[in-house]
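> Produce the complete structure using the sequences and hints provided.
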Amino acid sequence: MTALGTENANSSVTPGESPADMEIAAPAAVPVESSTDALRADRASGTRRELGRSNLVPILFLVPAGIGILLFVLLPAVLSLVASFFTVPLAGGPWTWVGLANFERVLTDPAVLKAIGNTLVYSAITIVPSLAIGLALALLANSVGRGRPFVRTALFLPMTANLVAMAVVFRWLFAFQGGFVNQLLGVAGIGAVNWLGDTNTSLLTVALVGIWRSASFSMMIFFAGLATVPGTIHEATKAEGIRGFTKLTRITLPIMKPTVVFATVLAILSSVQVFDTVNVMTQGGPQGSTETVLTMSWKLGFSYFDLGAASALSFLLLVVLVGIGLLQRRILSGGHK
Amino acid sequence: MIRALRAVKWLLIAVAVVVALFPFYWMLRTALAPADDVFFDGISLVPTSIDFANFARAWDKAQLGDAIVTGVIMTGSILVLQLITCIPAAYVLAKVRIRGVGIALAIVIGCLLVPVQVTLIPTFIGINVAGLGDSLPGLILPSMTSAFGIFLLRQQMMSIPDSLMEAARTDGLGHVRTLTNVVIPMAGPGIAAFSVFSVFTHWNDYMWPLLIARSPDLATPPLALAIFQQGDIGFDYSALAAGAAIVTAPVVILFLVAQRRFVQGMSGAEIPG
Numbered sequence: 001m002t003a004l005g006t007e008n009a010n011s012s013v014t015p016g017e018s019p020a021d022m023e024i025a026a027p028a029a030v031p032v033e034s035s036t037d038a039l040r041a042d043r044a045s046g047t048r049r050e051l052g053r054s055n056l057v058p059i060l061f062l063v064p065a066g067i068g069i070l071l072f073v074l075l076p077a078v079l080s081l082v083a084s085f086f087t088v089p090l091a092g093g094p095w096t097w098v099g100l101a102n103f104e105r106v107l108t109d110p111a112v113l114k115a116i117g118n119t120l121v122y123s124a125i126t127i128v129p130s131l132a133i134g135l136a137l138a139l140l141a142n143s144v145g146r147g148r149p150f151v152r153t154a155l156f157l158p159m160t161a162n163l164v165a166m167a168v169v170f171r172w173l174f175a176f177q178g179g180f181v182n183q184l185l186g187v188a189g190i191g192a193v194n195w196l197g198d199t200n201t202s203l204l205t206v207a208l209v210g211i212w213r214s215a216s217f218s219m220m221i222f223f224a225g226l227a228t229v230p231g232t233i234h235e236a237t238k239a240e241g242i243r244g245f246t247k248l249t250r251i252t253l254p255i256m257k258p259t260v261v262f263a264t265v266l267a268i269l270s271s272v273q274v275f276d277t278v279n280v281m282t283q284g285g286p287q288g289s290t291e292t293v294l295t296m297s298w299k300l301g302f303s304y305f306d307l308g309a310a311s312a313l314s315f316l317l318l319v320v321l322v323g324i325g326l327l328q329r330r331i332l333s334g335g336h337k
Numbered sequence: 338m339i340r341a342l343r344a345v346k347w348l349l350i351a352v353a354v355v356v357a358l359f360p361f362y363w364m365l366r367t368a369l370a371p372a373d374d375v376f377f378d379g380i381s382l383v384p385t386s387i388d389f390a391n392f393a394r395a396w397d398k399a400q401l402g403d404a405i406v407t408g409v410i411m412t413g414s415i416l417v418l419q420l421i422t423c424i425p426a427a428y429v430l431a432k433v434r435i436r437g438v439g440i441a442l443a444i445v446i447g448c449l450l451v452p453v454q455v456t457l458i459p460t461f462i463g464i465n466v467a468g469l470g471d472s473l474p475g476l477i478l479p480s481m482t483s484a485f486g487i488f489l490l491r492q493q494m495m496s497i498p499d500s501l502m503e504a505a506r507t508d509g510l511g512h513v514r515t516l517t518n519v520v521i522p523m524a525g526p527g528i529a530a531f532s533v534f535s536v537f538t539h540w541n542d543y544m545w546p547l548l549i550a551r552s553p554d555l556a557t558p559p560l561a562l563a564i565f566q567q568g569d570i571g572f573d574y575s576a577l578a579a580g581a582a583i584v585t586a587p588v589v590i591l592f593l594v595a596q597r598r599f600v601q602g603m604s605g606a607e608i609p610g
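In order, the protein sequence lines correspond to chains U and G.
Using the numbering used here, read the first sequence as starting at 1 and increasing by one per residue.
Using the numbering used here, read the second sequence as starting at 338 and increasing by one per residue.
Since the hints were derived computationally from the structure, they do not count as laboratory data.
Some clues are possibly wrong.
[Stated by the list, open to error] No farther apart than 25 Å at their CA atoms in a straight line, the calculated lysine-lysine pairs in the PhoX-like style are these:
#1 G:Lys346 - U:Lys238
#2 G:Lys346 - U:Lys247
#3 U:Lys247 - U:Lys257
#4 U:Lys257 - U:Lys238
#5 U:Lys299 - U:Lys114
On a predicted model such as this, the values are computed, not experimentally measured, just so you know.
Written out as C-alpha cells, the structure reads:
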C-alpha cells in the first residue's frame with residue numbers, strides 16, 4: 001500500500017523538491033525566499049521540537065479527516081476483505097463462514113472470467129493510448145504560440161465532461177441507424193457498422209469514449225508537469241544541440257518522472273474502474289461483451305445479492321492493483337537507485 | 338522541411354481540437370434542432386432551424402429542475418466538508434513534525450490506490466444500517482473527506498518556505514492562526530484547484546447516487562439523465578441531447594472560469610517517486 005513511497009515525510013528538502021523547484025511548482029503561492037534562508041530554517045530543527053510541545057492541536061487537526069478515512073475507506077476495505085470469506089445478506093443479519101468458496105465461485109464463473117478478460121482488454125486499449133496521446137497533445141499545445149489559450153481550453157474540455165451525458169451523446173453518435181459515424185461511413189461508401197450492438201465492436205466503442213476522456217485528463221497532468229521543467233533546462237539542451245525525440249526521452253521525461261508516475265496511476269485506476277459509460281451505453285451487453293469487473297461486481301452484489309462473491313472479486317482487483325503499484329515502483333526506481 | 342513539420346503540427350492540433358470538441362458540438366446541434374430533424378440522410382452539420390422545445394421537454398420529463406437543486410446541495414455540502422477536513426490535515430502532514438505523520442501520510446497515499454468497488458458494498462450496507470439510505474446525508478457523508486484532496490493540498494503546502502513558518506512561530510502564532518493567517522492564503526491555488534476538482538467529481542458522480550437515491554426526488558443530474566434515457570424516452574435523441582447539455586453546462590462553465598488556477602494548482606500533485 002505504500003508502494004508510491006513516503007520518503008518526503010521525514011526530510012523537508014528532498015532532491016526532487018529543492019527550493020528552486022518549489023518556486024516553479026507553485027508560482028503564485030511562493031514569494032521568492034533566498035535558498036540560504038530556507039536551508040538555515042531547515043537546520044534549526046530545534047524549533048520543530050518546540051512546536052512539538054503542543055501536540056494536541058495538530059492531532060485535533062487530523063481527527064476530522066481521520067474519521068472520514070476510517071469510516072469510509074479503511075473500515076469498508078477491511079470489511080470487504082472479511083466479507084469475501086462469508087455469505088453476506090444484503091438486508092443485514094448473520095454472516096456465514098464459507099472459506100474460499102466465494103473466490104472459487106468467482107474464478108470459475110464464465111461470466112466473471114469474461115468480465116475480467118474484458119477489463120484487461122479495455123485497460124490495454126485505453127491506458128497506453130490515452131497516456132501517449134495525452135503527452136503528445138501536451139507537447140503540441142505547449143509549442144503553440146498564438147492561439148494557445150484556445151487550443152488548451154478545447155483539449156481540456158473532455159476531462160470536465162459528465163460521463164453520463166457524454167455516454168448519451170456517444171451512443172447517439174455511434175447509433176446503428178441515423179448515427180453520425182455511420183452516416184459518415186455511408187458517404188465514404190462503407191456499410192453501416194452496428195457499433196454497440198455487435199459483440200466484436202462494442203467494447204472498442206466504449207473504449208473510444210474512455211480514450212477521448214482520459215487522454216484529455218492525462219494531457220492536463222502532463223501540461224502542468226511540463227510547466228515545472230525549469231527554463232534553464234531548455235536553454236542548456238538548446239546550447240548542447242539536443243532536441244526533438246532525444247530531448248524528450250533523455251531530458252524532459254526523466255525530469256517529469258513524478259508527473260509520469262501520477263498520470264500512469266490515474267490512467268490505470270480510471271480504466272479498471274470504468275462504469276458510467278458501460279452502464280449508460282450498453283449495460284454490459286450485448287452478450288456480456290462489455291461487462292467489466294466493476295459492472296460485474298455491481299451485478300453480483302446488487303442484482304444477484306451475492307455480496308460475498310462481489311467482495312471476493314473486488315478484493316482480487318485490489319491485489320492486482322497493489323501488485324502493479326509495487327512492480328511499477330521497482331521498474332521506475334531501477335535506473336536511479 | 339521546417340515548414341512541412343510546422344504544417345504537420347498544426348494539422349495534428351486541428352484534428353485533436355475537432356475530436357475533442359465534436360461530441361459537445363453534436364450534443365448542442367442535436368439539442369437545438371427540431372425533433373424531426375434527427376433522422377436524416379447524409380450529413381448535415383448545421384440544423385435546418387433552431388428550436389428550444391427539446392430543452393423544455395427534457396427539463397420537464399427528466400425533472401432536471403429538482404435534480405439540479407439536489408445536485409447543488411449535495412456538491413456544495415461535500416465541498417464544504419472536504420475543505421474542513423482536508424485543509425487542517427494537509428497542514429499537519431506538510432508542516433508539523435510530530436510522531437506518526439509519516440504513517441498518516443502513507444495511509445493517505447494508500448487510500449488513493451483503493452478502487453471504489455472495494456469500499457462500495459460495505460459503505461452501502463453501513464449507510465443503510467445507519468438509516469441513511471435514500472437520503473441526502475446518505476449521498477453526502479461517504480464523501481466527507483478526500484484522500485486525494487489531503488494529498489494535493491499537502492503537496493502545495495510543502496512548497497511554503499519553512500522560514501515563513503518560523504516567522505509565524507516567532508510572532509507567537511499558534512497552529513490555528515498559522516493555518517488561517519499564513520498557510521491557507523499561500524495554498525490558495527491548491528485549494529482553488531481542489532475545489533474545482535471536487536465539484537467536478539461529485540456533480541458528475543453517477544454510481545453512488547444510483548445506489549443510494551432510490552426515490553426520484555433525490556436523483557442527481559446524471560442520475561436523472563440516465564433514468565430519462567432508460568425510460569420510454571430512449572429514442573428521443575433531441576430531448577436526451579438537450580438534457581445532456583443542461584447537465585454538462587454548469588461544470589463546463591465552472592471550468593472555463595477557473596481554468597488557469599485549476600491547472601496551476603494541479604501542478605503540485607505529483608506523487609513523489
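> The structure should be examined with respect to each hint, and the outcome stated for every one.
Status of each hint after checking the structure:
1. G:Lys346 - U:Lys238: Roughly 20 Å separates the two Cα atoms, so the pair holds.
2. G:Lys346 - U:Lys247: holds, 18 Å
3. U:Lys247 - U:Lys257: holds, 14 Å
4. U:Lys257 - U:Lys238: holds, 21 Å
5. U:Lys299 - U:Lys114: Since the Cα atoms of U:Lys299 and U:Lys114 sit roughly 14 Å apart, the hinted pair holds (cutoff 25 Å).
Checked against the numbered hints listed earlier, the structure breaks none of them; every hint is satisfied.
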